[in-house]
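Below are the chains, spelled out letter by letter.
4 protein chains.
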Amino acid sequence: MIKVGVAGYGVIGQRLADGVALQKDMELVGVADVSPTLAVRALKEKGMPYNLYNALPGNETLFAEAGIPVSGTLEELVQKVDIMLDATSAGVGAKNKEIYAKYNKKAIFQGGEKNSVADVFFHGYANYEKGIDKQFLKLTSCNTTGLIRAVDCLDREVGVEKVAITIIRRVADPGDYHRGLTNALQVEKAPSHQALDLMTIMPHVNATGILVHTPVTHGHIISVVATTKKKINKAETLSFFRKHPRIRVVSLSEGFLGNASLFRYARDLGNPRGDMYEIAVWEDSVVESGNDIMFVINIPQEAVVIPENMDAIRAATSMQTDKAAGVAATNNYLGLGKWLKK
Amino acid sequence: MIKVGVAGYGVIGQRLADGVALQKDMELVGVADVSPTLAVRALKEKGMPYNLYNALPGNETLFAEAGIPVSGTLEELVQKVDIMLDATSAGVGAKNKEIYAKYNKKAIFQGGEKNSVADVFFHGYANYEKGIDKQFLKLTSCNTTGLIRAVDCLDREVGVEKVAITIIRRVADPGDYHRGLTNALQVEKAPSHQALDLMTIMPHVNATGILVHTPVTHGHIISVVATTKKKINKAETLSFFRKHPRIRVVSLSEGFLGNASLFRYARDLGNPRGDMYEIAVWEDSVVESGNDIMFVINIPQEAVVIPENMDAIRAATSMQTDKAAGVAATNNYLGLGKWLKK
Amino acid sequence: MIKVGVAGYGVIGQRLADGVALQKDMELVGVADVSPTLAVRALKEKGMPYNLYNALPGNETLFAEAGIPVSGTLEELVQKVDIMLDATSAGVGAKNKEIYAKYNKKAIFQGGEKNSVADVFFHGYANYEKGIDKQFLKLTSCNTTGLIRAVDCLDREVGVEKVAITIIRRVADPGDYHRGLTNALQVEKAPSHQALDLMTIMPHVNATGILVHTPVTHGHIISVVATTKKKINKAETLSFFRKHPRIRVVSLSEGFLGNASLFRYARDLGNPRGDMYEIAVWEDSVVESGNDIMFVINIPQEAVVIPENMDAIRAATSMQTDKAAGVAATNNYLGLGKWLKK
Amino acid sequence: MIKVGVAGYGVIGQRLADGVALQKDMELVGVADVSPTLAVRALKEKGMPYNLYNALPGNETLFAEAGIPVSGTLEELVQKVDIMLDATSAGVGAKNKEIYAKYNKKAIFQGGEKNSVADVFFHGYANYEKGIDKQFLKLTSCNTTGLIRAVDCLDREVGVEKVAITIIRRVADPGDYHRGLTNALQVEKAPSHQALDLMTIMPHVNATGILVHTPVTHGHIISVVATTKKKINKAETLSFFRKHPRIRVVSLSEGFLGNASLFRYARDLGNPRGDMYEIAVWEDSVVESGNDIMFVINIPQEAVVIPENMDAIRAATSMQTDKAAGVAATNNYLGLGKWLKK
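Chains as they are written, first to last, in the UniProt record's numbering: chain A, 1 to 342; chain B, 1 to 342; chain C, 1 to 342; chain D, 1 to 342.
There could be a bad hint or two in this list.
[Stated by the list, open to error] Covered stretches of chain A, as calculated for chain D (at least 3 residues, CB under 8 Å): (1) 168-175; (2) 182-191; (3) 206-217.
[As the list claims (entries may be wrong)] The calculated lysine to aspartate or glutamate pairs, modelled on EDC-like cross-linking and capped at a C-alpha distance of 16 Å, are: (4) B:Lys189 to D:Glu288; (5) D:Lys162 to B:Glu288; (6) A:Lys3 to A:Asp18.
I should point out that these hints are in silico values taken from the structure, not numbers from a laboratory.
Given the structure is predicted, the values throughout are model-derived calculations rather than measurements.
From the three backbone atoms N, C-alpha and C, an ideal C-beta is built for every residue, glycine too.
Could you build the full structure based on these sequences and the hints that come with them?
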C-alpha cells in the first residue's frame, strides 16, 4: 500500500484526498493545511474522516480554538508517507519541496507551480512513461489536462499536427470570494500558456491559442480547431472520443445545454461534491473546417486533474510501470468510463 | 410504512424523492415524469434506484428510445401509494389532483400551485396541527418556508408583531437555462407574496416586504426587520436561533462570506447533490434597530422545503399527530441539527 | 435629400434614427413604434427631436395616456419617405414589407428577418455593389457584420480561403429583462449561422464556427482562425486592420482589458448612448498558427450595424453607385476612423 | 468665477470635471492624473477639452510616449485654482491635502477618505450650512448621498425617527476589471457604514442597516424601512418624493424594471456617458409596514455624488450662503428636476 499525504486542503486538495481514499491500493495518511478554513471545518463536521496536520507551525491555537483536532505538523506527515500531493497556493509548493527533499520523499505538484519545481511535466495519458520512478512531478493545469486528453485521443488515432484553441475560461470556482469578474469578458495576451504547455507535453504538435475570461463558475469551455495528419469527419471524431474513459460525449438533445448542465448532472448523479472527473465533448459542436476538425469541450475545473494525479502517483512510485495498466487502475477506482457500458 | 410517490422529477421532485428515501418509516414507491430529462437520465445512469413512471401517456417511446425503463403510468403509481408529493410545474398539480381525488389519495402540492388546490396551506413548524389528517396540503414556497422558520422561532420565544422583509432573490437554479437575468437587479411590485403568505400561515403577524431579483444561483438572502412583543438583543436573538434544528448560525470569521460559501460548504460536507436543508443566519448581521431586531438569513432554494414536506406527510397521514414528534422524526431522518451537538 | 423613416424604435431602431440624423445628405422623417416603451418615453423627455408614428392602429390611447405626441400612423410615415429602415422584432418586418410594397417604397431589413424577405443580403464593405438600386435589402446581424469587416479586410489584402470562428456571444443588451443567462455558458449547435451567413456574402470563403453564449451585456468577442492565400505575420495583419476606418486596433497595455473596457471608453469619449460603431482587434491576441493567422475581435452589438445600414441606404437609393464613395460618405458623417489621424 | 481643479480623473473625477464644466459660474482649470489611463486616452481622443496635469512627478515620459499633452504638475494646478475636488484613490487624498494646505486652498474629498481628513462631513441637502466657508469638506459616499436625499426629504416633511436599511450593493462599475464577484451574494458585517454615516450627518435619526454585495454593475438598490414622526401613507410618501429635484419617481408599468432600466434610460436620454444624477424611487415599492413606510431606491453610483459636490463648492467658497440658493444653482446647471415640469 502506497502511503500518500496531501498538502493544502482547498478546492483541489480536498478532491485529491477523496481521490486517494478511493484508490484501494493506496492509503491516505492525512491532509495538511495552515488554518481552520471552511474546508477544514467541513472535515470536522463530518467527523474527521481524514487526519489533519498543521502546515504552519504557530497556528496550533487557531485549530484548537475552532475545536479541530490536529495530528501533527506537515513535516511529521511527510515522514509518514511515500509520496506527497502538493495542492498549496502557487509558490508554496516550491517551498514545501525542501521538506519533501529533506526526507527524500516523492512529491507531485499542481499546475500553479513553475515547471522547474519538478523533474517532469506530467500528463497521465500523454506521457505516463516519463513520470516513472521520478521524484518530483508537476501536473498540467485543469484546462491543459482536459485539453490534452482530447488532443492526445485524436493524436493516437490519426495524428495531430496543429491545434488552434480558444479557451472560454470560467473565472472563479463556486464559493470563491477572493476573485471574480462582473459583466465583463477579459482577453489575455496570446498565445495562452495552455497552448505552450500542450507543446511541452506533446512536442510534435504545433499549438497556439487565445484565452478569454468569463464571469461564470462552472466549467471552462474550449473550442479546438485541430489539423490532423489524416482528415477525419464528424462521425469518426465522435467514435474516437466515445471510446475514451475520461471523455463523455454529450448532446444538446439530451439536455446538456452548456457547462452548467454538466454541473447539475454531476450533482444529480450523486457524485461526491457534485464533481465530474471527465471532460465532455458536445456531439453538436463537431464540424469540419476544410481538412481540419473543430469541436468544443467542457473542463470541470475543480475535479478534472484528479485522475491524472492518481496516474502520477502510480508512475512516480512505479506501482504500474505500464501506462495502460496505470491509467486503467485509476479509471477503475474512480469509476471513469462506467457510462460507456450503457 | 406509509407509501409515497413523487410526481415531477425536477429540482424539487428529485430532492423530495431522496428525502422520502431517507425516512425509515416511509417507502418511496416511485417517481413520475413526462420525458427523459437530464434528471431522469441521471437516474438511469445511477442504475434506477427509484422506479420511474410515465406521467404523460404517449411518451412511452421517448423513454424507450433513451433506454430508460418505465414501471407504468402516473395513474398506476397513484394507485400504489398512500400519498403523493406533487412537484410538477405550476398549474399541473391542479390537474393531477383529479387523479389523486379519483383514487381517494392524499397529496401535497408545492408553492407554485394556487392556495385553492389544497385544504390547508402548511408549514411544519408554524401550523403542523392544521395539516393533520387533511387530504390535500399545499406547502409554502422556498423563501416563505425559510422565512417562517426564523420568524416562528422568534415568535415562540418572545412573540412577533410585525416583520418588514427585503428578499434578495436568486433568479435561477444552477443548471437553469430556461430563465436567467444578466447584469441587472429587478424590482417586483410590493408587497411580495412571501409577506402575504407568511400572514396566511401566521395571521397574528403584520408582514410586508419587497423582493429584488439578482443574477445568482445559490441561495436567496432575506433581510428581516422584526418587531417583537418583548425587545430582544443580539445575544438573545442568536441564542434562540442556535437552538433550532433547521437553522444554522454562521459567521464571517468562520469563512461564510455569503450564499456561495454555504453552497460550497454543503458540497464539502458531502451532502447529496451538495444540498442544504437548513437556513442560515449570519451572526454578524444581527443588529438592533430601536426596539426592533434586524438580521439576514440564507435560503438554500433547492432543498429548503424538503423537511417541511416530510412533516406534511406525517401530518396528513397522521403518522405523528403531535407537532413535536412529527418534526423530530423528520429532523432525525434528515440529520437536521446534527451540528448542534458540536 | 433622401427621406428616411425608421420602423421599430428599440435598441437598433433608436441608433438607426440617430445615424440617419447624422447623415447630412439624408432627412429623418420620423420613427414608428407600437407603444410608449422606455425608449419612446426618453424621446418625449428629450422634447421629441424625432417625430413619432404609431405602428399599431388602436394604440393611440396608450400614447395619449403617456402624454406622447404622435404624428400619424406607420402607413402615413411610409408614404412620406423614400426608404424605410425596419428594425422591428423578428418576423414583423416581413409583415411590414406589405406596406412598403403597397407604396412602392424601398426598405432595409435587419438580421432577425429571414433572407427571403429581401432581394439581396447586404454588407457595406463586402458586397455594396449588389445592393445598388435594389428595393429590399437585408443587413447581416451584428456578429456577422463585424466579422465580415475583419475577414473582408484581410481578403482584399491577401485573400482568405477559410475561417474557423468561435463566437463568445453576449447574451443580452444592457437594460434587457426579457432574456438573460445566469452563471452558465450555453453551447449552440454548430455550424453557427454567422459562419453560414459569411459564406452567403463571401461565397469564395469556407467558413464554419461555434457559438457559446455568455452572461454579459457588453460586446461579443469572436476568435478567428483565418487561412489566407498568402501567409501573413502578426505585424502585417495589424497593419491591414489599422488602415480600416471601421476597425480599431487596441491593446491590453493601453488599458483595453476586454469588452467592458471598450464600452467604458465609448462612454468616456462622450459617444451618444455610450455607443461604438467600430469593431476592435486586440493587438495582443494576434498569433500565427502554422500558416494561419488567429486573432480576436470585439463586436459592440448595439451600434455596430449602423454604418452598414447607412451604406445600404446609399446603395439602394443610388446616392453613391460606387462602394468607395458610399462607405466614405457614411464614415465621414459618423466620424469613423477619426482616431486614425492621431 | 470660482476656479476649480480636479485631482484623479477616474470614474468620479471625470464626472466631477464634466459637472464643473456645466456650472456657468465656475471655471474648470484642469484635471490631474498619474498616468495615461483609458480615461486620459479618451480625453486626448476628444481633443483635450480639459487641460491635464501630471499628478506623479516622474511620469512625464509615460504621458509623452502616449502622445498626451500635459499642462504641468498637480502642484501647479493647485496654485491656479480656488478649490480642488479630490477624487483620487482612498488614502491619496489625505496625502494631497498637504499640497492644498501648503497653498492655502480649499478642497473637497470623496467618501473613500477618512472623515478626519476634513473639517466637515457634508451633504448638500442635509447640512449645507455646515459647509459654508470651510476649508476642507468630505462628501458622503454614493450610497449614503442617495440615501440621505430620500431620508432628508421625508424628514423635512414629517420627521424621521428611525431607518432600517438593506443595501443591495452593485459590486463594480461598468468597465471594472480590478474587482468583481461572480455568482455570489456577499454579506458584510452590520451595521453598514452607510447607516452610521447617515447618523453623523443626521444625528437625530436612529439608523442601522445591512449591506449585501451583488454581482452587477448598474446602480445600488436600497430598501428603506422608515419610522416617521407622523404616520404617512403611500400617496403622501410619493407626493413628497415627486417634488424633489434630485429624486425621480418611476414605475414598473412605465418599463423601469430595475437598476439596468434606469441605466438604459439615461443612455437613451442622451445623457453624457449615459449617466444619471438623480436617485429613483419605485412607485410600486412603497408599502406601509404598520406605522412605518417602506420603499426602494436606486443609486446610480457613478454620477450620484456630482450634484452634492457642486453644492460643496458653493458652500465652501460661499458662492451661495443659503442652502436653497446653493442647491438651486446646482440643479439648474445640471438640469436636475427638468422632468418635473412634464
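Going down the list of hints, with the structure as the test:
Here the stretch 168-175 of chain A counts 4 residues with a CB under 8 Å from a CB of chain D, which clears the bar of 3, and the coverage holds. Closer than 8 Å: that is the beta-carbon criterion, and the stretch 182-191 of chain A has 4 residues meeting it against chain D, so the requirement of 3 holds. Using a Cβ-Cβ cut-off of 8 Å, 3 residues of the stretch 206-217 of chain A lie near chain D, which meets the minimum of three, so the contact claim holds. Taken as a hint, the lysine 189 of chain B and glutamate 288 of chain D pair is honoured in the structure, with Cα atoms around 13 Å apart against an allowance of 16 Å.
Distance restraint check for lysine 162 of chain D and glutamate 288 of chain B: the Cα-Cα separation of roughly 11 Å lies within the 16 Å cut-off, and the hinted pair is therefore satisfied. Distance hint between lysine 3 of chain A and aspartate 18 of chain A is fulfilled; the C-alpha atoms sit about 14 Å from each other, no more than 16 Å.
In this structure, none of the earlier numbered hints is contradicted; all agree with it.
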